[in-house]
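Read off the chains here:
4 protein chains.
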Amino acid sequence: MIIVLKREATKADADDIQAKIKALGLKPLYMPGTERTVLGAIGDERILGTLHLEGHPMIERITPILTSYKLVNREVHQADSIVHIDSIPVGGKRLAVIAGPCAVENREQMEKTARAVKNAGAHCLRGGAFKPRTSPYSFQGLGNKGLEILGKVATQFGLPAVTEVVEVADIDHVEKHAAAFQVGARNMQNFRLLTELGHRTKPVILKRGMAATVDDLLMAAEYIVSEGNPNVILCERGIRTFETATRNTLDLNAVPYLKQHTHLPVIVDPSHGTGIREYVLPMAKAAIACGADGLLVEVHHDPVSALSDGQQSLTPDDFVVFMKETARIAEAVGRKL
Amino acid sequence: MIIVLKREATKADADDIQAKIKALGLKPLYMPGTERTVLGAIGDERILGTLHLEGHPMIERITPILTSYKLVNREVHQADSIVHIDSIPVGGKRLAVIAGPCAVENREQMEKTARAVKNAGAHCLRGGAFKPRTSPYSFQGLGNKGLEILGKVATQFGLPAVTEVVEVADIDHVEKHAAAFQVGARNMQNFRLLTELGHRTKPVILKRGMAATVDDLLMAAEYIVSEGNPNVILCERGIRTFETATRNTLDLNAVPYLKQHTHLPVIVDPSHGTGIREYVLPMAKAAIACGADGLLVEVHHDPVSALSDGQQSLTPDDFVVFMKETARIAEAVGRKL
Amino acid sequence: MIIVLKREATKADADDIQAKIKALGLKPLYMPGTERTVLGAIGDERILGTLHLEGHPMIERITPILTSYKLVNREVHQADSIVHIDSIPVGGKRLAVIAGPCAVENREQMEKTARAVKNAGAHCLRGGAFKPRTSPYSFQGLGNKGLEILGKVATQFGLPAVTEVVEVADIDHVEKHAAAFQVGARNMQNFRLLTELGHRTKPVILKRGMAATVDDLLMAAEYIVSEGNPNVILCERGIRTFETATRNTLDLNAVPYLKQHTHLPVIVDPSHGTGIREYVLPMAKAAIACGADGLLVEVHHDPVSALSDGQQSLTPDDFVVFMKETARIAEAVGRKL
Amino acid sequence: MIIVLKREATKADADDIQAKIKALGLKPLYMPGTERTVLGAIGDERILGTLHLEGHPMIERITPILTSYKLVNREVHQADSIVHIDSIPVGGKRLAVIAGPCAVENREQMEKTARAVKNAGAHCLRGGAFKPRTSPYSFQGLGNKGLEILGKVATQFGLPAVTEVVEVADIDHVEKHAAAFQVGARNMQNFRLLTELGHRTKPVILKRGMAATVDDLLMAAEYIVSEGNPNVILCERGIRTFETATRNTLDLNAVPYLKQHTHLPVIVDPSHGTGIREYVLPMAKAAIACGADGLLVEVHHDPVSALSDGQQSLTPDDFVVFMKETARIAEAVGRKL
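Protein chains in written order, with the working numbering: chain B, 1 to 337; chain L, 1001 to 1337; chain R, 2001 to 2337; chain F, 3001 to 3337.
Treat each hint with caution, since some may be false.
Below, computed lysine-lysine pairings styled on DSS-like, alpha-carbon distance capped at 25 Å [what the hints assert, rightly or not]:
(1) B:K6 - R:K2027
(2) L:K1006 - F:K3070
(3) B:K176 - B:K112
Pulled from the structure, derived: some chain R residues nowhere near chain L, Cβ distances all over 12 Å [claimed, not checked]:
(4) A2009
(5) E2060
(6) V2076
(7) H2077
(8) S2087
(9) S2135
(10) G2143
(11) Q2156
(12) A2169
(13) K2202
(14) P2316
Hints in this document: simulated from the structure, not taken from any laboratory.
Even glycine gets a Cβ: it sits at the ideal position worked out from N, Cα and C.
My request is simple: use the sequences and hints to build the entire structure.
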């Protein structure tokens, strides 16, 4: 931790802060400069955090040296973690494709879509039962009934199910019907939800929040892992910027950044990342090219009739092309779909 | 609703979409142009939403004419709503100041701070018991014990208590100890929480999310009001932008925008909006100058020892000046503190 | 300058970098930690910049201790600078209001508008002759003819003229007709233009770029001042964010930040900062409340006929109210309009 | 153009606006609704722009139906444009790689780097002589002397030279030494520069501004093309967002968007797009995977000694790997490097 003192800070101020650092069993450093004095504190930065120096009137700025995420950090765990959704490995040489509709609408829709994605080669089936929607007047999902349909259709087609959980009270029910929990962008910092998912064993697909930095995402993952569940899959799905030509700005820079800083697998959702059907395939290819471990993609047997996200859902025919073309990129980077 | 068709759309496509609009009992409009055909649909846009035209392959763009928030819209309710936190009115000529520490730390801290803010003229006491923190290694709040301390100290000093609620399961407990619920920025789109608060009667201070537009904020308020609780107070607290000199970018444009578009009261939190003690007062004055109905401000009897947000907390002495100077601005805009 | 080495850096790497620091006549510091070694370099950071350590393979991160702007920094020049536009002081107790149309359209428009703003109490007259427009098919300004009209009308009404300069080649001509140069948001980092304006003596109103941090703005001002022209007035006019309800997001946090970090005067443009006529007055009041030294505001004798920015221009009647109400806020903060 | 009237607008207001539309020879449309009246105007939207309806007090919102860029629009020119930098085609099946240092430093540096990129298979040589730098105390480039070095070295190695032009007065000189003009992000809306480049014939690589939407970029290109120079190459190089882990946020969504909306070639600059050497290759691969027509990449024979951008420059060895790995992706999308 680097502590820059204010210009007006005296030697006595510096001594006082150094004494506090020492009192915690850490090593203080003193660097008087011509215009500012800089202090250092060496040791576990989590202990340093308990000093709460931010409020000190003589401190101008505090810069941590180390990241605050310890368990998800690649430094302490150099090898790639492979997280299994049921029998499907995510994070190794083989890429995982999780496909399905935005929302579970009815049994027939799920069966038709599941058949299509299964035949084209998808590894898992997605479908939302609880839909967080900006407007209270939009379709909110079928709730528990939707979960049951998803669970049954997933079993029927031999595809592990992935679905969003939005509330601690629903976790048990979701766990019963799905092979993996999905935490949506709006809940990335719902820390109570993260903490409770940390007590489970099924994997968690953690989507990046619209205003979350990649480090915020890693800290959110740290909540789950530090509670005991190491099975976290990170998902880049676009951030909110001034650009409105696409629904979100898919930040693919995040992929090499995350792969460098964490051992957790990283997947990409080009459907929400673009919001426009025609751009889903090119951005899926880009995601694989820069190192993503898998894709989360919306497919609907009939997008025109979809109750949500129709404009970004692939048709079954689109999805056949999608699997073929992304496979070629996978091969070009030495991986397999 | 304005529907711009793709260049390649035929007359038959237009007819087909017009038929769908008619089938819902709405009035379709047809505007053939030289390069594009534009369709209109007149009627309740909530019904129009059930058409799910977004996924239609021949539609280029859909623009709503009306806003999706109906109940919080000033058009249907022209007079300012006044929401009471206990006996304190928010939204009228008199401005409300809600002050106190970021987090409840212990009984002594709360008493000292409550005494200071009460003496300086604050109207309500704030203090967090459940603290959403980016890192799992930061202080997470005292939980229910914190709620009890807050409730007791608030009663002792005759100040209605305001505190954050982060989870449906906590609502009953918070309701018992506080006069108003606060929904934090990270939970602005926790729709389950909003829905459940819509079933209560105590007021809800709804803080704008870091990536939320002002219309998103109004839609979130609509969730609460449409479930039956009209007592919503909106709070601007800064958004996330590329600017890092301050903790957030306080978007005061939101104040006149919200006052024009909704009848709900609007308050401002200059503490989170800036993150820096020295800027809290100037931005509080700016907030009142542009029409805010109140202020939410962090005060700590000893910021250097604060367990969170020390760098943005006012001291008791600062707060005396704060009340005096903001009162002068209030007077200059024809209001009272 | 704080230099954090990579985890894999050796003692030899640290020695090598320290030797480079010493070779420049600066003082190196060595702080070995448990997980990272941190180096310090004490002395003039402009000299340190010539080391170009950013590309070093063993360096993880470099954090400057001091700001890069030296001349505009309040540390070296504690008193407020007062910059005169002709006889109008900007930066002292008295606030300056610069008003007029977005673009000079013709003599009659300028005379009508100048009379209106003069009568209401404005101090300077604005009007653009060279209009940077997003589309090549929009009105681009009258050019030199516009400058002449502006100059004549300004003289006629005894109001110093302020106008935008977009190109080095135009500087002489602008200088002839105007009392102050305005550098628009799109040219804030047109360093050739800044450098050349640094060789003149008339004041420069430097508007913040849409993607510029406040520190970027200060660095741009440093270009002008370091070339010899100390007469720079900074102008906050809104930044680009995800919020689209207003034309820009007026970042009033910038006002107290800039007043703290620089001695230069700071004015605010609530017209571009909001883009909507109804919000111009509330945001002007907010700007003064948080410490702005003046206002730049668009007024048109007939906004409905304006060739640009009609939607954000005040009418003469609006402007009378504007001057009256902002004066009341000025008084409440101990200043005068 | 769709014109939404304010709630309080009367039939007379609507008639008045329709009469104005008719007077321009365009076709007005009238759509009375239950809560708002909507008007349409059909015809050339550039003519519609001369109406300046934005300032009308009874108009709530105006939405264009068509884009404002006409010449660069793919609708009027369906086939891909191929722009030649000397003999190198950009925009066809073959991808173009433009490589070289950020800044021209001296003859030896340019020769060493040129030899390295030539041997690895680059098609053009880049190198900046005029460097726009945030700080006046940073290295500003060698100016005309740099241009001469670049020109000579480019000829020596048979690589067409690409270099930035920052000012109208420099165009002739740059034209003499380089095969293509580069317009940097900070000058994307320097309309005087764009207009003058429109009078030349050599190609212009137009980089997206840090706060520019993709439509702003297309409008900037329209400036050049509408003045007579059709040889424009668009370049995505990252935008400014709240994310600070990388220098910019590379918006690869822009690639499929631009390829769909314009016939101009689109290249990507992964060096500025990430700012970190290790991410340059993965993002270059992503760029090609989603459809980019070429790459602009910084290579330095010795990045540790680079006078600017050392941290994002590839070494000659890195660049050999870069060419090999990007070629594999090119092949996977049916193209060639």
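Non-interface claim for R:V2076, where every Cβ of chain L lies beyond 12 Å
The assertion about R:V2076 holds, with a minimum of 19 Å to chain L.
12 Å Cβ clearance of R:K2202 from chain L:
holds, 29 Å
Least C-beta distance from R:Q2156 to chain L larger than 12 Å:
It holds; R:Q2156 is separated from chain L by about 34 Å at its closest Cβ, greater than 12 Å.
Beyond 12 Å from every chain L Cβ - status for R:E2060:
holds, 19 Å
Confirm or reject the statement that R:S2087 sits farther than 12 Å, beta carbon to beta carbon, from all of chain L.
Per Cβ check, R:S2087 is outside 12 Å of chain L; nearest 28 Å; holds.
Mind verifying the non-interface call on R:G2143? Its CB should be farther than 12 Å from each CB in chain L.
holds, 33 Å
Would the least Cβ to Cβ distance between R:P2316 and chain L come out above 12 Å?
Holds, since 21 Å exceeds 12 Å.
Take a quick look at R:A2009 and tell me if its Cβ sits farther than 12 Å from every Cβ on chain L, holds or violated.
Holds, because the least Cβ-Cβ distance between R:A2009 and chain L comes to about 26 Å, which exceeds 12 Å.
Taking the shortest Cβ-to-Cβ distance between R:S2135 and chain L, state whether it exceeds 12 Å.
holds, 17 Å
Over 12 Å from every CB of chain L: does R:H2077 meet that, or does the non-interface label fail?
holds, 19 Å
Going straight from one Cα to the other, do B:K6 and R:K2027 come out at no more than 25 Å?
OK: B:K6 and R:K2027 at ~20 Å, within 25 Å.
Mind checking the alpha carbons of L:K1006 and F:K3070 for me, to see if they're no more than 25 Å apart?
Holds. L:K1006 to F:K3070 sits at ~17 Å (cutoff 25 Å).
Violated hints are absent here; each numbered hint is respected by the structure.
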